[in-house]
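Engineer: Chains as they are written, first to last, in my numbering: chain A, 1 to 113; chain B, 1 to 113.
Honestly, the hints are just simulated from the structure, not real lab data. Hints may contain errors.
Pairs of lysine-lysine residues, derived as DSBU-like cross-links and limited to a Cα-Cα distance of at most 30 Å, are as follows [stated by the list, open to error]:
| id | chain 1 | residue 1 | chain 2 | residue 2 |
| --- | --- | --- | --- | --- |
| 1 | A | 5 | B | 58 |
| 2 | A | 75 | A | 5 |
| 3 | B | 79 | B | 58 |
| 4 | A | 64 | A | 43 |
| 5 | B | 79 | A | 43 |
| 6 | A | 5 | A | 43 |
| 7 | A | 43 | B | 109 |
| 8 | B | 79 | A | 75 |
| 9 | A | 5 | B | 109 |
| 10 | A | 81 | A | 5 |
| 11 | B | 58 | A | 43 |
| 12 | A | 5 | A | 64 |
| 13 | B | 109 | B | 58 |
| 14 | B | 113 | B | 79 |
| 15 | B | 113 | B | 58 |
Simulated restraints on C-beta separations [stated by the list, open to error]:
| id | chain 1 | residue 1 | chain 2 | residue 2 | range |
| --- | --- | --- | --- | --- | --- |
| 16 | A | 26 | B | 17 | 35 to 41 Å |
| 17 | B | 72 | A | 10 | 30 to 36 Å |
| 18 | A | 105 | B | 75 | 44 to 50 Å |
| 19 | A | 54 | B | 44 | 33 to 39 Å |
| 20 | A | 7 | B | 17 | 26 to 32 Å |
| 21 | B | 45 | A | 70 | 31 to 37 Å |
| 22 | A | 113 | B | 32 | 18 to 24 Å |
| 23 | B | 85 | A | 10 | 39 to 45 Å |
| 24 | B | 66 | A | 113 | 47 to 53 Å |
Glycine is no exception: its CB is placed at the ideal position from the N, C-alpha and C atoms.
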Amino acid sequence: QVQLKESGPGLVQPSQTLSLTCTVSGFSLTSYHVSWVRQPPGKGLEWMGVIWTGGSTAYNSLLKSRLSISRDISKSQVFLKMNSLQTEDTATYYCARDEGGYWGQGVMVTVSS
Amino acid sequence: DVVLTQTPPTLLATIGQSVSISCRSSQSLLHSNGNTYLNWLLQRTGQSPQPLIYLVSKLESGVPNRFSGSGSGTDFTLKISGVEAEDLGVYYCMQFTHYPPLTFGSGTKLEIK
Numbered sequence: 001q002v003q004l005k006e007s008g009p010g011l012v013q014p015s016q017t018l019s020l021t022c023t024v025s026g027f028s029l030t031s032y033h034v035s036w037v038r039q040p041p042g043k044g045l046e047w048m049g050v051i052w053t054g055g056s057t058a059y060n061s062l063l064k065s066r067l068s069i070s071r072d073i074s075k076s077q078v079f080l081k082m083n084s085l086q087t088e089d090t091a092t093y094y095c096a097r098d099e100g101g102y103w104g105q106g107v108m109v110t111v112s113s
Numbered sequence: 001d002v003v004l005t006q007t008p009p010t011l012l013a014t015i016g017q018s019v020s021i022s023c024r025s026s027q028s029l030l031h032s033n034g035n036t037y038l039n040w041l042l043q044r045t046g047q048s049p050q051p052l053i054y055l056v057s058k059l060e061s062g063v064p065n066r067f068s069g070s071g072s073g074t075d076f077t078l079k080i081s082g083v084e085a086e087d088l089g090v091y092y093c094m095q096f097t098h099y100p101p102l103t104f105g106s107g108t109k110l111e112i113k
């Protein structure tokens with residue numbers, strides 16, 4: 001069945017770079033696109049960006065200068081890298097297939113020294 | 001970017017009561033292909049969002065038929081006909097007619113009396 005699972009560090013220091021991995025199963029990254037969505041504690045959902053089936057990407061304009069999404073098709077993995085982290089980036093980070101048809105469990109990332 | 005305004009922010013309901021949530025868009029969500037890409041999600045406490053309704057009114061597999069969606073253009077409604085205890089959580093509308101970016105409403109928290 002379709003599954004997505006995020007992984008990465010739970011704690012990142014301010015100004016450092018966040019690296020997250022979304023490992024998928026049950027579908028191919030060449031057939032379905034994957035988005036990253038984040039949710040600060042107690043707040044709503046924010047779309048971050050998407051990697052399309054052909055490998056091109058699109059980003060939230062507010063994050064574009066700091067964000068990169070890539071993938072490894074052979075490993076069924078999608079990667080998120082975001083630099084210059086600040087405390088406001090503390091959130092649960094989700095990957096999702098298509099436009100939210102399937103979601104990962106999320107990974108909580110805290111930005112703190 | 002499309003702004004989705006959800007009301008009310010909080011909804012207090014008794015078991016069996018029917019409730020409605022409104023989602024208003026800053027611009028029409030009718031795509032040039034004739035589809036309206038407005039979905040509804042439910043996020044239970046501590047869980048990932050799960051899809052409820054897609055294309056305004058189509059129920060995702062396994063979603064009880066007490067849930068219904070309606071609307072067109074800029075005004076959309078999610079109705080629960082006979083709230084059950086398992087329905088508590090935060091409901092989000094989301095659009096991807098004008099995508100990227102995918103945008104979410106601010107959420108409506110359903111609480112049970």
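Engineer: For which of the previously enumerated hints does the structure constitute a violation, in increasing order of number?
Structural biologist: 8, 17, 18, 20, 22, 23
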